[in-house]
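Colleague: The primary structure of each chain is shown beneath.
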Amino acid sequence: MSNFNDQLRAYLQQHYHFDDFRPGQAEVLTALLERHEDVLAVLPTGTGKSLIYELAGRYLGGLTVIVSPLLSLMQDQVARLNAHGIRRTVALNSMQHPRTKYFILQNLAKFDYLFIAPETLTQPGVLEALAQQTINLLVVDEAHSIAQWGPDFRPDYLEIGRAYAAFKHPRLLLLTATAGEKVRAQIQSQFELTTPLTEFVYSVNRPNIHLRTEKLANEQEKHARLLALVRELPGPGIIYLSSKKQANQLRIDIQQKTERKVATYHGDIENEQRFAIQQQFMQNQLDVIVATSAFGMGIDKADVRWVIHYHMASDLESYLQEIGRAGRDQQPAVAILLYTETDDYLVNNLLISGIPDEVTIKHFYLQTPHYVFEPQQLRLLQYYAAQGLDAQAVMQLFQRRLLVKRLALQQMVQYIEITTEKRNYLLRVFGEAELTGAAAGNWSTQATPLEIPSLHLPVTESNNASANIDWQKRLEKLFNQ
Amino acid sequence: MLAGYVLTKLNTTEWRRAKVFSNIWQGGAQTVSTSFWGLVYDVLPETGLFENVDMAKYVKQLHHAGLLARNEQGLVQLTAKGVAAQGQYQVEHYVPRNLAINQTYDLKLFRDVFLLANQTISELAYSNAQFYPYQIDLRAQWQLKHWLKMHPREILINQWYQELTTWLKSIPDTDAELFTQMLFGHEVANALFSELAVPVTWTEFDWQLWQLDQLAALMTTSLQTDSLIKSLMTVTARPLLSNSAQQSVELWQQTHSLSQVAQRRQIKANTVREHILQAAMLQQWSASEIQELIPNAEQTTLAQCYEVSDISTWDFKAYAGGKDPRYFTYFRLYQLLQLAKQREAMNVKL
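Protein sequences, first through last, are from chains A and B.
According to the UniProt record's numbering, the first sequence is numbered sequentially starting from 1.
According to the UniProt record's numbering, the second sequence is numbered sequentially starting from 1.
Quick caveat, the hints were computed from the structure, so don't treat them as lab data.
Wrong hints could be hidden among the right ones.
Facing chain A, from chain B, some residues (calculated, C-beta under 7 Å) [claimed, not checked]: (1) Leu138; (2) Ala140; (3) Ile157; (4) Glu177; (5) Leu196; (6) Val198.
As a list, the in silico DSS-like pairs of lysine-lysine whose alpha-carbon atoms are at most 27 Å apart [as the list claims (entries may be wrong)]: (7) Lys9(B) - Lys101(A); (8) Lys477(A) - Lys145(B); (9) Lys9(B) - Lys81(B).
Glycine residues also receive a C-beta, built at the ideal position from the N, C-alpha and C atoms.
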């Protein structure tokens, strides 16, 4: 083993108390740090992508800038680095008070890691302040968002290449869990590189997760089936929905009709309650989280045993990201998607609502006084207008994007419909070689009943140690008295 | 649930400015007018507590439900149905009592700082440095770090524990139980709202308000002793006046001349007047202090113009429409004088 590898392993043991790297981690680090290559790494969820930039940042020194898409996740990512003993870490995003943003920009030299939203990164004052620092590593987390969200949702994603140039081409690391060949090409095209990115593509396949889809006749049946599953499935689990209102209602139902302890997790939850949910879930005091898919979860809980989609995701990339929360400990887990015929209409409506329609585009270009634009749509139109596109070109662009999104949705629906080789279907979509024999198995549909015991899901005992103790005992416990 | 809470701020006799509530609840710089009406409506202690308030939506909802009436100027007051709903709200929900301290210490920031301090001290008691810290405003986090470094480990753990114990023993047991449910630290998570022993009619809004109110009570008590919590409060202290207003008031107190202050500070005389008005309102100057600011002749004229006790119905034009802006200052000061007299009479009574 080379000196470099010894050094890496020593870092791993010293800071993370692990003896071995997970697949992909050492390879990416070697390319980045020993061979000085810029890297695009497609690593399945649960492989410890954050460890790669944490460790690379420690090794390179200077400032590591991590572009991260989920604003709600950023503070959690900071907390996670803090928990790994990295204190000089900060997040910068639009949710912060201007006073806080100014304070951070004035003190950039005091940080080693900066998490930043793409919209904030490309702001003039911010980009200039950052460009004055010694940035040794630029990381784009969830890099598939460049292709997935850039053109029709968050155009600032298309500007990261400009930031990369302004930072004088630091080491570049693009991380994602899911990116097919086309998406990888789109990502590459955003950066002016003298040599192409070194690509590490690991399979999206998570063999320990049993994949299951169930088509149900109507909403009532789906609801009943969900309750039955929540009662029967052992261990901690997550239910994904697309609506906050329904998530709240579902929590009440589960609380009333099952023995499981449940909480909802979405953008409207107060900070202090969000912390309670995360901490309780981590400490096995909470069994089930009902979450909206738009809202990320910063916690990294290894023993989530099941993920149920009550509403399907809008594409397979998002779906794989979300089910990837299960079974990170490499033990058996299950991902179940419950579906009724009307569900794809719901997702389709969500797709359309994000993209400006022809009327909106016309009013934008005609500069109609007092016309009320959705802020997100206005930003998008302003971006393309600044790029010199006229109304006709913008309409065509959005029509193409809508088509792409509908195709992605069709692939998602196809995954539900398909009754043979479900796991191989996923691999085909992501351009991977198909599996054979037992490796292609571990999936099922409504055609066969779900035998939960046969999944061999490990049981995690609920921890009620802090429940029902009086205030004096709680204080004694808190302060080790 | 804030819509219901709005009802507790209204009555059937006065038309009130809904915008004043939202401006104050959202925090940020206040105009003299907002401060004045905030003082009249007794809502200044709630400065910055509900940043995301959408007052227009609540007013629309309440109006639609027939709980409040709107006049042509857009001012609102309760209807008879609104009075009943207000009474019901007060029975079913939590109404805070201790928020006055929020004017001099940022209560929401204190909650964040207090919770993180508590978590850090708890982890310290178990010598654990690797934990997920509660995320708060970065500047406050740095100040907290500095504060923690100022105290030896044993003092932090033991004194913090003692101070909390003493405080919790002084409040009803049910409140003490709830209070400790919001604390978290080493292998102890805070409670979910759904598992708290609170009235079934409470919403998460009540729980948030209850926490702030209890912390306000703890702060008020801690101020009277030389405590760790008192020293932690300094991180969240906030001036009542802006820097500029503070400078004007200090200069004015030295020279007692508006024009001199304006000249030295190179600002308009009217801005100096506004600074003094802000100070009189936010620092709650006494009746005699305010009286000194209004020339005797003007006091006599004002007394002749306005005899009714409800200052919110006074019309400035009855006194000095179209005159020099200084007369508006006298008018406001005279209103403030009535408020100060009412406050002092109430204090004597108490």
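Colleague: Given the hinted pair Lys9(B) and Lys101(A), is their alpha-carbon gap at most 27 Å?
Modeller: violated, 34 Å
Colleague: Does Ala140(B) pass the interface hint, meaning its C-beta sits closer than 7 Å to a C-beta of chain A?
Modeller: violated, 9 Å
Colleague: When you check the alpha-carbon spacing of Lys477(A) and Lys145(B), does it fall within 27 Å?
Modeller: With Cα atoms ~23 Å apart, Lys477(A) and Lys145(B) stay inside 27 Å; holds.
Colleague: Quick one, is the Leu138(B) hint okay against chain A at 7 Å, beta carbons?
Modeller: holds, 6 Å
Colleague: Against chain A, run the beta carbon of Leu196(B) and see if the smallest gap drops under 7 Å.
Modeller: Where the cut-off is 7 Å and the nearest Cβ of chain A is about 10 Å from Leu196(B), the hint is violated.
Colleague: Under 7 Å, Cβ to Cβ, is where Val198(B) needs to be relative to chain A, so tell me if that hint holds or is violated.
Modeller: Because about 14 Å separates Val198(B) from the closest Cβ in chain A, which is outside the 7 Å limit, the hint is violated.
Colleague: Just to be careful, I want the Cα atoms of Lys9(B) and Lys81(B) compared with a cutoff of 27 Å; is the pair within it?
Modeller: holds, 15 Å
Colleague: Verify the interface restraint on Ile157(B): the C-beta must sit less than 7 Å from at least one C-beta of chain A.
Modeller: For Ile157(B), the interface hint holds, since the closest Cβ of chain A sits about 6 Å away, which is under 7 Å.
Colleague: Restraint: Glu177(B) near chain A, CB-CB cut 7 Å. Satisfied or not?
Modeller: Since the shortest Cβ distance to chain A is 5 Å, the answer is holds.
Going through the hint list in order, the structure does not satisfy hints 2, 5, 6 and 7.
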